[in-house]
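Q: What follows is the residue order along each chain.
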Amino acid sequence: MPKVSVIIPAYNAMNYLSETLDSVLKQTFADFEVLIINDGSSDGIVQWFSGLGEKRVQLISQENQRIAAARNTGISHAKGEYIAFLDADDLWEPTKLEKQVRFLEEHPSVGIVHTWTRLIDQKSQPTGRILTSPAEGNPWLHLIQRNTIMTSSVMLRCVCLQTVGGLNQDLHYCEDSDLWIRLAASYTFGIVKEPLTSYRLHPGTLSTNCPEVLQSFRILIERAFESVPTELLYLRNRAYGHQILYLAWRSLNNRDYKQAIHYRDLALAYYPQIIFSWKCLRLSLAIATLQWLKPDGYSRVLALIYTLRRRTSSSITS
Amino acid sequence: MPKVSVIIPAYNAMTYLSATLESVIRQTFSDFEVLIINDGSTDHIEQWAAELLEERVHLISQANQGVSAARNTGIAHAQGEYIAFIDADDLWEPTKLEKQVQSLENNPAVGLVYTWTAFIDESAKPTGVFIISHAEGNVWEQIVVRDMISTGSSPMVRRECFDKVGVFDPQISGGEDRELWSRIAACYPFAVIKEFLTLYRRHPNNTTKNCQKMVQQLRLVIEKTFKGAPTESLYLRNHSYGWMNIFAAWSALLDEHNYQQAMHYQEQALLHYPQLRFTKMYLRLSLAIFVVRWWGLPGYEGVRNLKSSFNQLFLRTA
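In order, the protein sequences belong to chains R and V.
Each residue of the first sequence is one higher than the one before, counting from 0 in numbering that gives the first Met the number 0.
Each residue of the second sequence is one higher than the one before, counting from 0 in numbering that gives the first Met the number 0.
Only part of the chain R face toward chain V is listed, based on derived beta-carbon distances under 8 angstroms:
id: 1; residue: L213
id: 2; residue: Y233
id: 3; residue: L265
id: 4; residue: P271
Pair by pair, the computed Cβ-Cβ distance ranges are:
id: 5; chain 1: R; residue 1: Q168; chain 2: V; residue 2: E266; range: 32 to 42 angstroms
id: 6; chain 1: V; residue 1: S172; chain 2: R; residue 2: V227; range: 16 to 26 angstroms
id: 7; chain 1: V; residue 1: P229; chain 2: R; residue 2: A287; range: 25 to 35 angstroms
Keep in mind that the hints were calculated from the coordinates and are not lab data.
The structure presented is a predicted model; accordingly, all values stated were derived computationally and were not measured.
Built from N, CA and C at the ideal position, the CB exists for glycine as well.
Using the sequences and the accompanying hints, generate a full structural model.
A: The structure is reproduced here in C-alpha cells:
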C-alpha cells in the first residue's frame, strides 16, 4: 500500500499533462501511486497512457462529470494514507511530497498541509509572483472570507475526507474552497512555507466563465454562513468582496475590461473598505492599462512586468 | 360581495379591540366586511362578539397559532377585492379606507397602498412619533433595506397579490409583515397616501421587546427576502443588516437601558454597512449612547429629552 495517493483530474489536458506527471515522478519521496482521472477527454490520453510504462501510475476513465466528480473518483480509488491533489497543468518542486509527508508525520494533530505557490506562464517560466497564505492552525474564520489555498498544493489525511465527505458535486466551481471550509470546521491546518507548487496562468485564453463561478460561489458561501453566529455575519460581505474582486482579475485575464469594471464596482458595493487595498488599486491600474492600450499593449506591459519581476527576484536570490 | 375585507387578528386583545373596531365601523367608506380572527384567546371575546349588532363583522375562532396564521385565516375567508389589516390595538382615521380604495381604483397596476403612521399611547394620545415615507412605484430596493411601512395596520393589498406571491409566513414571528410586503414589492408597484391615517399604539406590552430575539427573527426575514435576489442586488442585504443593527441599538439603549449592548449593535451596523457612519441617524445614536454612558438615564426629564430625539429621528428619516 502506497503512503500517498496523488490525484490528477484530466479533461483534454494533454498540452501539459506529461510535464505535470514528470514533476510527480521526479519527487524525492517515492512511495506513492498516481491516479489520473480521465474525465471524458477526447484527446489522445488513453493512447499516451498505454505507452507510459510506469507501474505507479493508473488511468481511470469516466464520462465527463466535471472536476469535483473526477477528484471524488480519485478519492474513492485511493489506497494511500495521505491524499495529494494536483491539477493537470500545474507542477511540483521535487521535494514537495517529502516535506509534506514529513510535516504530517511530525504533526499528528494536523489534518491538512499545503504549501506556498509560484505562478508560472504557459512556458513554465515563473511570473515572479509567489502566493503565500495565512491559512494555518484553525483558519476557518479566514477561509470563509477568502480562499488562499491552491488545490495543487494540498496534502491531507484520507481519514479527514472520510469524516467531512468529498467534494460537493453540485458546485461547478469553487468546490475546493467549499471543501477547505468544511475541513476547517474540524481539523488543524499546516503550511510548508516554501513555493513547492507552481500554478499555471493562461492569460488571454478566455478561461473563466465569471457569472457561473459567481453562482457556484454564492451557493457555497450562503451554505457556509447559514449557521454562523449573527455577530460574524458581516464577514459574508467580505467573502463576496474578495471573490468578486478576483473575478474582476479573471475578466482582465479574459481581456474584457468592461466586465472587470463591473465586477470591481460590485466588489466595492459588497465590501467598500476594499477600495483602500493594494489589490484593488492594482486592479484599477490594470483595467486602465487594458482600456487604453488595448489587449496587445496590455499583454506587452504584462510581459515587461514579469521580466522585471523575474530579474529583481533573481538578483535578490543570487 | 363587499369591496374591502378588513382583517383583525386578536389574541387576548379585549383592552383595545372595541376602540379598534369602532374606528373601522366609522369609516367614510362603508362597503366592507370585518373578519376578527380570534387566535385562541382566553378572554371574553366570543361573548363580546355575540353581542355586537353589526352584521358586517364576523368572528372566526381558531386554536392559537400566532399572528401570521391568524391573518392567513382571514385572507382565506376574505370575500373582498381589497384586503386591509389592522392590529387589535391600533386605530384608523375615518377616511383611511376611502382614500386607499380610491388609490387602488385609480391605479390598477398598484398592488399595495400604505399610509403614513402616527404613534399613540395607551390613551390614544399622539406620542409625537411619526413614520413618513415618500417611496412609491417599484420600492423593492427600499423596503428590503429599511421598512418604510413599519406597521401591519397600514397597507391595503389587492387580493390577487396573495394569489401571486403567497401569504404570511407562519414560521416567522416578528417582521413577518415586512417579509410579505417585500415579496409583493418584487412583483407590484406600491402607492402611498401621504397622511397620518394609521395610528400605531405603543404600550408596555409591545414596546418592551427583547433585542436579541428581535435580531434573530429579523435575520430570518432578511435571509428569506434575499434568497432569490440576483447576485447583483445581494449586496443590499448588508445595508439591511446595517439598519437592523441601528434600530436594535436604539432599542437596547432606550427600552433596555443597556448602552453596552447598544454599542455592540452600533459597531455591528458599521461592519455591515460602513457608509452608515455618515448618516444623521448614526450621529444621533452616537450622541444618545454617549449621554447614557456618562450621565446614565438621569431621571424622568433626561429620558423624555432622549425620547423626543428618538421621536424626531423617526420623523426626519423614516
